[in-house]
Amino acid sequence: MGNIVVSPHDKEGQHHMMATPTSNNPNGGSAATAKNKSEITVLLLGAGESGKSTLFKQVQFFHGVGITHDQERIELIEIVRLNVLENAKNLVAATQHLNIPIEQPENRETAKLIINSLNTNDLEDPSWSKRLYSLWKDAGIQKAYENREKFQLYDSTEYLFENLDRICSDKYVPTVVDVIRTRTKTIGITDMKFDVGDGKQLRLVDVGGQRNERRKWIHFFNTVDAVVFLTSLSEFDLNLYEDNGYWRVKESLRVFNEVVNNALFYKVPFVLLFNKRDLFEKKIATKSFSKYFSGFNEAEEKNPVACIEYMTKLFLNEITEHPLDTVSVKTLSAIDHDNSKQVFEEVKQFIMTQQHRE
Amino acid sequence: MATKKQSSSSSPLKNVSAPKASVKDILQYFDMKFDSFMEYPPARQCFFTFLESTQNSEISLFLEQVEFFKSINELPNSSRRNRSFDVDEFSDQFLGAAGATLCESALLKACEIADNFIHDQAPNELNLKSDTKKKILDKIEKNRTYYGLESKNEYNWSGNSGKGKHISIVPFLDSTIFDDLESHILLSLKSNQFAPFLESEIFKEFIENQKIETLFMLATPRKAASPSSAIQATSDNIDFLFMLNNASSTSRSNSSTSTDSRDGSLAKSFVNSETLSVGEVKYLKSALLEYDQNLKWTLLTYSKEQEIYVMIGDHSCEQNFGRKDLMFYKSVTHYQYSSEKVFNALINFEFRKNYTNEPLVEGDFVKYHPKPSNQLGILDSELLETAVISESYEMKWPIRNREFILSCAATKSFTPENPKLETFYLFKKSTQNDVNETIRSKLKNVRGCCISALKVEPTSPTSCKATQVLFLDMKGLLTQNWGQKILTFKGGSKKKGSKTTLQSTPQQQLAQWIEKDSRLSLNSPLSDAILRTLAENQNII
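Here the protein sequences line up with chains A and B, keeping their order.
Heads up: the first sequence begins at 266 in this note's numbering, then just goes up one per residue.
Heads up: the second sequence begins at 15 in this note's numbering, then just goes up one per residue.
Extracted from the complex, chain B is given alone in its bound form (with noise of 0.2 Å):
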C-alpha cells in the first residue's frame, strides 16, 4: 500500500513495546471488570483458580457445565436431533410453539447440572434460596418424569404418577432454564468473591503479565487517579476545563482581568464561550495534534490502515492541561483519496455514523456563530465561524447516557508549494453554559466534557492521512469501547453474542461513504453547517 510508506517512517510502531507495569500502577489507571473477566478466558481461569482457594470450586464448575448445556443448545437443529423424542401431539404442540425444545442430550444434561448443583446434599450443592431450588427442579423433575429419564436422585416430586402421559402440564424448557440461577451466580461471585480476588497474589501474577491490550479489555481506565475525583466526576469535569482555560489563556490575548474568582475567569472564558477563537484553535492545535512530537503516546492497536494510541497523561500533559492522569486517544488512518474528499466525508459520516456503529444515536445543529465583521486582522482574540451541536451517546448499562454540546470550527491552508494540496482542520470543545433554554429542557442525560481536533493533510493530490485526536469525559467509557471495538476488529474474533463489531475497514467505510456523498449529496444541515465554517475561516492559522 502506498500510503503505508509514509506512516512507518514517521510513527515507531515496531518500537512501541507494551510497558511493563506494576500491580499498584495498573489498579492505579484502571478499574477491573468483572464482566470481562468473566468473557475472557485466561481471566476467567484466573479467577476460578481464585475460587478454589477460597472453597468455592463447586461454582466455577457450574458455570463451565452450564456453558457446556448452552453449547449443546446452539448446535444447529439438523444435527442436534438426532433422536427426537415421541411426543405426543399436546406437547408438540405446546412444545413446538416456542421452536426449541431441548434435545435428548440438553435435557440429559440439565438433569445432570440438577443433581449435580441444585438438589438438597447434591455433591457440588450451591449456595441458594429453597425457593429458587424448587422453582427450576419443579421444571426438571417433571420434564424428566415425563419423558422417562431415570433419576440419579430420589428425588420424590409431589404429584408424579409415574411415566409419561399422566401428567397434564409438563412445563417447557428451553435453553435458557438455567439463566437466572447462573446471572444470581455471577452477581453473589461479584460482590462476595473479586474484591478479595484483586487483592490476591493469583491476580497479581496474572495482570503483571498481560498486555496494554488485554488491560483495555479487562478494565475501564480510570479518569482520576485522586480519590476524591473519582467519586465526583462532575465537579471534575468543570476541574479539567478550568485548568485547561488556565493553560490556554497564556496563548491568546486575554482581556479578562486576573482579579475574575475561579468562577468568573469560567464565565468569561474558553469553557463559556460558544465560539471558538483563533487563540483557542491554535492551542487546541499545538496541545492536541501536534503532541506527538513528543512521541508519548502509545500504541494500542493497529491495522494496515490504521494505528490507535493513547496516551496517559505525563509531564507534558500536565504542563498542556494542568493534570497528569488525563487520557486522550489518537487515531491515524491512511485514506486513497483527496484530502478534501476524505474531509467532506469525514464530516459527514461523523455527525451521521460515529466510531463504534453503535453509541451516536443523534445529532442535532443547534446554532450558528457567523463571524464578527468587524474584526481587524488575525490576532488570537479573532473569533471563528462556529457551529454548535449537540450529540448524545446511548451507552452500555451501567453507565447513563451523555449529551454533548460542542463548538466546532473547521479551518484549512494550504502548502506554499502546491496551493492544490490542502490540510484541513475541524476543532471541537464542550460548551459548559446553556446553549438555549429548549436544548436544555432536553437534556436528561448526563452532561459529558469532549475536546478533539481532526487533521486530514494530503499525502500526494490523491491520498492523504487523517490524524483524529479526542478526550471523552466519561471515566473513559466510550473512548475505551472504541479501543476496544477495534481490537475486536483487529484480533477478528468475534465475541458471541456482541452485535457491534465493525463490518468493515475505517477505509472502507469511508470509500462507501464517498461513492453515496457524490451521488446524493446527502449533506445534513449538520455537516453543511460545519462546511460553511470551512469556508468562511480557510486560512486563519
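Isolated chain A, as found in the complex (with noise of 0.2 Å):
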C-alpha cells in the first residue's frame, strides 16, 4: 500500500513516524554496522492478497499516522471509488465469461457503462448509488458472486457494493474503515517507524507479495529483526491472482518455506499470522473446507477450530531449519480494528522477548 502516509512536518515537535522509505537505499550498510538494536526492522512478509498492508494500514492507525491531511482524504476518494468500478467491472466480464446473463434490462445499460466509460467522477452523482446497487442486487451478478472463486476479485466487494450510498455523493468523505476495506496491490517496499520505548523504535516494512514482487524482498532481508508472515485463512479456494492456474495455498506453503528456512532468519523470531478468520468462518458455513485437502477429516469440515489446526500442521511442517521455539502462530482479522491492535501488541511483545533473550 502506500496511500496513507505521514506527513513528517505536521506532528508539533515529537519523533516523526515515517511512512516513506528513509533512505534511498533500504538495505545500505549503516544497519549492518550500527547493530546497536536501536531500530527494529520487522518484515511483513506473504503471498498476495494476505493482508500485509491491511495490517500495515491498521498499525499506522494506532500509532495516530494514517490520514493526517485532509488533502490525503480527498485523494483517497478516488481510491476508493476506483474499487467500486474494479469490483462492478470484474463482476460485469465474470458474468461474460461464466455465460450468466445479467436479467434486469436497466442493470445491462448500466453493466455496459461501467464496462465502457464509466470513471470515478461520475460517482459524484447519486443517481450512480441507485444503479450500481441495483446492479449489484441482480440475480445474475449475484450469482457471479456466488461463483468468486472463479475468478479474481477483491474482498471488499460486498462491503463497498452495500456502502454506495455514501461513497455515490459529492459529499462523500471516506472513513478509517472504507481505507481499510479498500484493497491497493502493494508495489515495491514501504515502511513506517514508530517508537516502542526504551529508545527504541519499530520499522515496520510492506512488501508486495506477488511473484514478481517477491525477487524484491531478497534486497533487504539481511537487515531484519523479524518476519512476520501472514497467509489467508479464506484463500483455500483461490487461484493465484498473477497465475490463474495455481493453487493460492500451494503457493503460500512453498512462500513460507522459502522464508521460514532461509538462513538469514535462522536467528530471527519469527511469527506466522493466519489472516481473514472473519471471512474464512463464513466462507467454511457454505463451502467444503475438506474438498481442497485429501488429509482433512470431512466431517470436521465445519469446525473452523479444527480447519486451522489442520492448517497450522501444514505449515509447521515446513519448517526445516529455523528452531520452533522462536516461532509463535496466531490467527488474525486484520479489517477488524480491535482484533488487529490486539495481535499485533502480542506480535511485539513476542519479538521484544526474544530481542531481550538474545
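There could be a bad hint or two in this list.
[Stated by the list, open to error] Straight line, CA to CA, 25 Å or less: simulated DSS-like cross-link-like pairs of lysine-lysine:
#, chain 1, residue 1, chain 2, residue 2
1, B, K149, B, K84
2, A, K481, B, K143
3, B, K148, A, K354
[As the list claims (entries may be wrong)] Incomplete in silico selection of chain A near chain B, CB under 7 Å:
#, residue
4, L418
5, R448
6, I452
7, G453
8, N477
9, E478
10, I483
11, N487
12, T488
13, D502
14, Y506
15, D508
16, N509
Simulated from the structure, these hints should not be mistaken for laboratory data.
Beta carbons: idealized from backbone N, C-alpha and C, even for Gly.
The task is to assemble the complex, starting from two chains supplied on their own in separate frames and drawing on the hints.
Next comes the structure, spelled out in C-alpha cells:
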C-alpha cells in the first residue's frame, strides 16, 4: 500500500514516524554495522492478498499516523471509487465469462456503461448509488458473486456495494474503515517507524506479495530483526492473481517454506499469522473445506478450530531449519480494528521478548 | 514596439523573481498532479529516482520502453518501412484496413518488451493479473510466430504449428497494444507510490528548486488552505461571497439592518442582487483593478505583448475579501487599436470565444435590467444597467463542467484633457439566486463563482492597454489552465498530443476580430446587451 502517508512536518515537535522509505537504499550498509538495536526492523511478508498492507494500515492508525491531511482524504476518494468500479467491472466481466446473463435490462445498460465509459468522477452523482446497487442485487451478478472463486475479485466487494449511498455523493469523505477495506495492490516497499519505548524504534516494512514483487524481498533480508508472515485462511478455494492456474494455498506454503527456512532468518523471531479469520468462518459455512485437503477429516469441515489446526500443521510441517521455539502462530482479522490492535501488540511483545533473550 | 515602453515603467517586470518557497508552503498552496509529473521530463525523472528507492525500477524501465516503442511507430511511414514483411494477401487486407501495421523494428520492440516485462519470470517482470498477461502475450506471440521472429523465451504457445501461413487468424497489432497495460501501470503508481513520493526527501529537494512557473505546470493551485473548506468547496463559495459582501457593504450605502442573520443579509446583498450598483462597481474597481498599487502581484509569465500575474492572497487581500488564500489572476495586454475598438472587440471576443480557445462552449443572454428611472444623483446605491448572462465551461476530466450566471455592467469615463480618450470598464459578478426557472433547470453542471473586471485605457489615440482581473472559484482549475496554456504558448513547446495551443498572439487574434467585426458587424445578442449597458452607464464612476 502506500496511500496513507505520514506527513513529517505536521506533528509538532514529536519524533516523526515516517511511512516512506527512510533512505534511497533500504539495504544500505548502516544497519549492518550499527547493530546497537536501537532500531528493530520487522518485515511483513506473505503471498499476494494475504493482508500485509491491511495490517500495516491498521498499525499506522494505532499510532496516530494514517490520514493526517484532508488532502489525503480527497486522494483516497478516488481510490475507494476506483475499487468500486474495478469490482463492478470484474463482476460484469465474470458474468460474460461464466455465461451468466444479467437479468434486468436496466442493469445490462448499467453494466455497459461500467465497461465502456464510467469513471470515478461520475460517482459523485448520487443516482449512481441506486444504479450500481441495483446491478449488484441483480440475480445474474449475485450468481457470479457466489462463484467468485472462479475469477479474481477483491474481498471488499460486498462492503463497498453496501456503502454506495455514502460513496456516490459529492459530500463523500472516506472513513477509516473505508480506507482499511480498500484494496490497493502494493508495489515495491513501504515502511514506517514508531517508538516502542527504551529509546527503541520499530521499523515496520510492508511489501508487495505477488511473484514478481517477491524478487524484491531479497534486497532487505539482511537487515531484518523479525519476520511476520501472513497467509489468508480464506484462500483455500482461490487461485493466484498472477497465475490463474495455481492454487493460492500451494503458493503460500511454498513462499513460507522459502522464507522460514532462509538461513538469514535462522536467529530471527518468526510470527505466522493466519489472517482473514472472519471471512474464513463465513466461507466454510457454505463451502466445503475438505474438498481441497485430502488429508482432512470431512466430518470436521464446519469446525473452524479444527480447520485452522489442520492449516497450522500444514504450515509448521514446512519448517525444516528454523528453531521452533522462536516461531509463534496466531490468527487474525486484519480488517477488525480491535483484533488487529490486540494481535499486533502480542506480536510486538513476542518480538521484544525474543530480542531481549538474545 | 511603441506600447511596450509604457508597460515597463509601470510594472516591475525584471524585478519579479520566482520566490523560493519551502515545501510546506508549496504543499499548502498546490496540489501536485500525478499526470503532470509524468508528462514533465525532469519531474518524471525525479519520480523514477524515487521508484528505484522503493524497488520499483522495473516500472520506470517499462514506461521508458513503451515510450520508445511508440516513438518508432510515430516515424513517417516511408522511413520506417525500410523492409516490410512479406505478407500474404489475406493479412495485407486484414492489416491494411487499419492502415498502421507495425514495422519490423516496432514488432521486434514489442516482442522485446514482452520478453523483458510481461512473460512469467521475465527479467523485469511487472505485477500483472494473469488474464492481462495472457491477453497481450497471445497477440504478440502469434505475430511473432507468424512473422518467423525468434523468441528468446521458450514460450510454448498452444496451437502454433511452426512458422507462418498455417495460422488462420493473426491478431492485428498496432501501436496501441501496450496502452491498456500502460494505463494500468500508471494507475497503480498513482494510487500506490505517488503519495509516499510526495513525502520523500527526493521530492522535497526537487520541488524546492522549481520556479513558480513550473509549479503551475505540475500542480493545481489550492483554493483554500483550511482543511474543511478544501473538501466543502460548495459551501466555501458562499462563504467567500458572503465575506465579499461584508467587505463591500462598507463602501456603499446599505439600507439593510444589522439584525439580519447570515442568510438574511445574503438575501439582501451584493450576492443576491442581479443588478450591479454603483457601490459594487466602485468596490470591484478599487479592490481588483487598482489592486496593483500594492505591487503584490507575482509575475507568472510574460511575452512581448502580454503579462500575466498571479496574486496569492496577502494582508490586503484579506482586508478586501476576508480571506488570505484566494488567487487572482491579472493579465495586461497592449493593443495597437483605439480603446473603443479594443473594448468592443474584447466583448465580442470574450463571449464568442474564450481565454484558452477551449472551455467556453456557450454563452447565453438571459435577462436585461434597465436602470430604474426614478433615481436621483449618483449615489453608491444607484443601480446600473445590467445584463445577466450565463456561461458554461467545459472542463477537462476529472473536473465537472461549470456554469456561471453572471451580472455584467459596462461603463466608460473620459479623460478631461482629451475627451476623445475614453477608458472602458466591464464588471462581472456571479449571482447566486436563481435567475429563472428555465435556466435553473438547464444547470446540470457545477455552479461556479466568478468576479472579474476589465479595464481598457487609452495610451494614445491609436493604442491602449487592457487589464483584466479575475477570480474563478473552481479549485483554480480554469485559471490554472489559462496560465498554463500561455506558458505553453510562450515556451513554444508543443506538448505531444495536446490539442490546445494558442495559434496566434492575443494581438493577432484580436486584430482578426476587429477586422472581421468591422466588416460583418457580428455582435451577438449578448455583446449587444453589454454594449447597451455601456451606453446607458457612461460616466457613472
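A quick look at each hint next to the structure:
Taking the CA atoms of B:K149 and B:K84, the gap is near 20 Å; set against the 25 Å cutoff, the hint holds. For the given pair, A:K481 sits about 18 Å from B:K143 by alpha-carbon distance, which is consistent with the 25 Å threshold. A distance of roughly 18 Å separates the Cα atoms of B:K148 and A:K354; the hinted pair therefore holds under the 25 Å criterion. Proximity of A:L418 to chain B is violated relative to the hint, the smallest CB-CB distance being about 12 Å (cut-off 7 Å).
Contact between A:R448 and chain B, as hinted, is not supported at the beta carbon level, the nearest pair being about 10 Å apart and thus beyond 7 Å. Proximity of A:I452 to chain B holds as hinted, the smallest CB-CB distance being about 5 Å (cut-off 7 Å). The interface hint given for A:G453 holds, since its Cβ lies 4 Å from the closest Cβ of chain B, which is under the 7 Å cut-off. For A:N477, the interface hint holds, the least distance from its beta-carbon to any beta-carbon of chain B being 4 Å, beneath 7 Å.
Because the closest C-beta pair between A:E478 and chain B is about 6 Å apart, less than 7 Å, the hint holds. The beta carbon of A:I483 is not positioned within 7 Å of any beta carbon in chain B (closest approach about 10 Å), and the interface hint is therefore violated. Restraint check, A:N487 versus chain B: the minimum CB separation of about 15 Å is more than 7 Å; hint violated. Given the 7 Å rule on beta carbons, the hint for A:T488 is violated: about 14 Å separates it from the nearest Cβ of chain B.
Against a cut-off of 7 Å between C-beta atoms, the interface hint on A:D502 is violated, since the closest Cβ of chain B lies about 17 Å away. Residue-level restraint check for A:Y506 holds (minimum Cβ-Cβ distance to chain B is 6 Å; threshold 7 Å). For A:D508, the interface hint holds, the least distance from its beta-carbon to any beta-carbon of chain B being 5 Å, beneath 7 Å. The criterion of a C-beta within 7 Å of any C-beta in chain B is met by A:N509, whose closest approach is roughly 4 Å, and the hint holds.
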